[in-house]
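Engineer: These are the residues of each chain, in order.
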Amino acid sequence: MTSVLYDAPGPKAKRIARIVSVIAVLLIAGVLVAVIVALAVPRTTASGQVVPGLFDPSRWDVFNDLVVWRAFGNGVLNTLRMAGIAAVLAIAIGVLFSFARTASLAVIRIPSTVILEFFRGMPVLLMMLFILLVFSTGSYWAGISALALYNGAIIGEILRAGVAALPRGQGEAGLSIGLSPLSTRFRIEFPQAARNMLPIIIAQLVVLLKDTALAYILAYSELLYVATKTLPNFFGNRYLYSFFFVALLIYLGMNLLLSFIARLVAKRTGPGGRIVRPRIPRRGVHPEGDIAMSRVPDAGMGAAPPLL
Amino acid sequence: MDAVIEQFPRLLEGFAKTLALLGIAGAGALVFGTLVAGFRVSPIGPLRIFAATFTELFRNIPLTLILFGFATLGPYLGARGGYFVLAAIGLTLYTTPFIAEAIRSGINGIPVGQAEAGRSIGLGFGQVLGHVILPQAVRMVIPPIINVLIAPTKNTSVAGGFFVVELFASSRNAINARGDEVIAILLAVAAFYLLVTVTLGIIAGQVEKRVAVAR
Chain A
1 MTSVLYDAPG
11 PKAKRIARIV
21 SVIAVLLIAG
31 VLVAVIVALA
41 VPRTTASGQV
51 VPGLFDPSRW
61 DVFNDLVVWR
71 AFGNGVLNTL
81 RMAGIAAVLA
91 IAIGVLFSFA
101 RTASLAVIRI
111 PSTVILEFFR
121 GMPVLLMMLF
131 ILLVFSTGSY
141 WAGISALALY
151 NGAIIGEILR
161 AGVAALPRGQ
171 GEAGLSIGLS
181 PLSTRFRIEF
191 PQAARNMLPI
201 IIAQLVVLLK
211 DTALAYILAY
221 SELLYVATKT
231 LPNFFGNRYL
241 YSFFFVALLI
251 YLGMNLLLSF
261 IARLVAKRTG
271 PGGRIVRPRI
281 PRRGVHPEGD
291 IAMSRVPDAG
301 MGAAPPLL
Chain B
1 MDAVIEQFPR
11 LLEGFAKTLA
21 LLGIAGAGAL
31 VFGTLVAGFR
41 VSPIGPLRIF
51 AATFTELFRN
61 IPLTLILFGF
71 ATLGPYLGAR
81 GGYFVLAAIG
91 LTLYTTPFIA
101 EAIRSGINGI
111 PVGQAEAGRS
121 IGLGFGQVLG
131 HVILPQAVRM
141 VIPPIINVLI
151 APTKNTSVAG
161 GFFVVELFAS
171 SRNAINARGD
181 EVIAILLAVA
191 AFYLLVTVTL
201 GIIAGQVEKR
211 VAVAR
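Protein chains in written order, with my numbering: chain A, 1 to 308; chain B, 1 to 215.
Please keep in mind that the hints were generated in silico from the structure rather than gathered at the bench.
Straight-line Cα separation of at most 20 angstroms, SDA-like style, residue types lysine to any residue; simulated pairs:
1) A:Lys229 / B:Ala71
2) A:Lys12 / B:Gln127
3) A:Lys229 / B:Gly69
4) A:Lys229 / A:Leu66
5) A:Lys12 / B:Arg119
6) A:Lys229 / B:Tyr76
All chains, full assembly: derive it from the sequences and hints.
Structural biologist: Here you go:
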């Protein structure tokens, strides 16, 4: 689509593009360098003490200590444990919600809709605080249950949308061969909806993993807490920023990995999934030498991807 | 219940801060999000790379870390303006990629013929984008964007963990003052949040019906 927005550049456009590129690169690089320099220069505190810059070795030598890495490992484990348990519970709650919200009995459907809207509209952090204070569960279970409820409500909506998006014939076929409405839902509609919605569900699990960092505010010793409270308490505050940067990189790595998996799954299970698409070369010439004119098979699901 | 009435001014004050944060972050993210989306589809390579990197980076860092970074590194770098401004900047930066992605998907949703028609009558990239694509794309993405804006409403609560006394932090203060009625206070606070999120959700639904482009 992007290439449709502008013509193939002529000499003048190429020149302009080059000039703008140079300016943009200089600008971006300038801002980055300015930030790095600002972080690197030593500072004088109000009391006249000189504090070394953030990239000074005296702020990073602590990483030679294995204890630091073990603490980071513990933090990562705690984060992953919270995210893992919350994810499993969230999916279970999501399945329950998606069933309750489409139940034929209004007694089940309407209250579950209200509860779901309530959970969806409230900040996770507030829910964590609520559970922590009202049920005195401790920060670990407060974090897990709030994350599970909130993301469960959202996954429930995703699954419901997935079932609603299926062709009507699927459910009708199930009913016509004598399955009960419940087992039609369970055996016919639900597996298809879950498969279609898998990429979105994984994207939601990325959100869940990110939101475990909220437990920091409740003083649960997850990665951020370990990096910015536990470790600086032990090794001294001058390492705070170094610990923080490392925690940032670890979070980034974990989330990018999960996002990448989500994209992979989306590619695999998307419309026409499992079908190996023939590669259409950009310039219209097939690698084997013949000219590609064929349309990409779309397996009858949705529009075919445009020819490049 | 009397605790809620007693603490109501405090909660209202926090709610005003929350709305201010939401307003700043929402407006800022709309402006920068449109800009980043424009960069993402522009003919200039470095701008495309910058937009893609920015989006991936800020979408994958937890908001808690972004706000922590701003609340600690900001004062270290000598930023003035206080924690409210820092939190507003952090929230804006966190929300921008989500808006940008919503707008980009809107741009991708416009039929190719529209852009081709624009180009065929001699419009350049800026004109195609500004006169042909964006006016249609914006209509299409208004409902998803309102839905995206529901998230920062809830996300403002994270700023309460970093020295900004918005609704979440003021609810903590209210609980500290009246520990005997925790449930009532928390439910009242939840009602404040629901007031905004449910309203935005209803508006999104209405707007979706009204601006739907018949094709």
